[in-house]
Amino acid sequence: MSLTARIVSALLAAVVVAIILKLQRRGGMGSKYGLLWMATSVVMLVLAAAPDVADTVGDWLGVEYTPSLVFMAALGFVLIVLVQYSWELSRSEQRIQVLMEEVALLRRELEDLRSGEELDDGSGVSE
Amino acid sequence: MIPAYNEESTVGTVIAEVRRACSGPVEVVVVDDGSDDSTAKTAAAAGGTVLRLPVNLGYGVALRLGFRYAASRQWDHALVLDADGQHIATEIPALLAACHSGADLVLGSRFHPDCPTPYQVSRTRRMAMRLVSRVIRHRRGVALTDPTSGFWAMSRPCVELFSKELPSGYLDNLLGLSIAARAGLAIKEVPVTMAPRQGGQPSATGAALVFHYLRATLAVFIGGRS
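Same order as they appear, the protein sequences are chains A and B. Sequential numbering of the first sequence, starting at 1, is according to our numbering. Sequential numbering of the second sequence, starting at 1, is according to our numbering.
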């Protein structure tokens, strides 16, 4: 890999690290995802600074064309993360729905209690 | 129980008709699924108990909320019908009668062999319904002519089951049927006629409807939650 390519990819990885840090500090990104993306950007940094690492792993796994290994790993990683997001999203959606149902039931109860009180006042009965 | 989303023009009439059709003590509950119009106000003025969802969450959530309310009030029977006037309130006693004669879940079917004039739907929809019926028969051994009917009555065990386990998507009454069948509840169909929609907008059309059918059918097939 040429020096320019290394510098560009290292810069890219550094930008990702910076963005993640900023989001964690001010954007309210949870530390769970923060850790995930920090680890990802560290891997990116390592690969940018020392592309030989990918070649070594490729040799070890018996992969002829190393870039395809990198792409495959990246694709697999993204896929897993997306599936996890779908699951998490469904779970949040379900929780919101239950919460809303609960809000509606509580509002009904509150209104019933209020109208009950008004009736009590009208009849002059007090405890 | 009447799930309603932006049905201010019809919900009042439907409540009045339900009251007229029922003898004995009856509570009419309108689940307002985050309407932007005055559905809740109209329903309350017509004497309905209004449960209001703060935002629009869809038919399935509205249904489940209604069932939770019904279960908490320990209703002996619950009956669901549309707020747009498509279901004819004078047919309520027939559904309840089927409930009294031992069925846990009674569906008002628009395609029952005993219907004098079967309800007309588009070819796509008819095909989708056939597919769904087939999947339900295959998975649960229950033969139904109109599994997507929104006009149904049920006994308390079924209300309690649905209050806990009804999934929350549109058309998930299909999954409800599947869940009820799996729980060993007795399901029965009763012929009903369907009036044209009196007002409001259909919940889903076109591609969205196809998507919901596919999703619900797949969910029935897999047997999980939505």
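These are calculated hints, taken from the structure and not from any lab test. The reader is advised that the hints may include incorrect statements.
Okay, the calculated bits of chain B under chain A, using three or more residues with CB under 8 angstroms as the criterion [unchecked claim]:
1. 48-59
2. 62-68
If you want the ones that stay clear, here's a sample from chain B, every Cβ over 12 angstroms from chain A, calculated [said to hold, decoys possible]:
3. Gly34
4. Ala44
5. Arg140
6. Ala143
7. Pro167
8. Ser168
9. Ala186
10. Ile222
Backbone N, C-alpha and C define an ideal beta-carbon position, used for all residues, glycine too.
Numbered hints the structure breaks, given as an ascending list: Numbers 3, 4, 7 and 8 - these are the hints that the structure violates, sorted from lowest upward.
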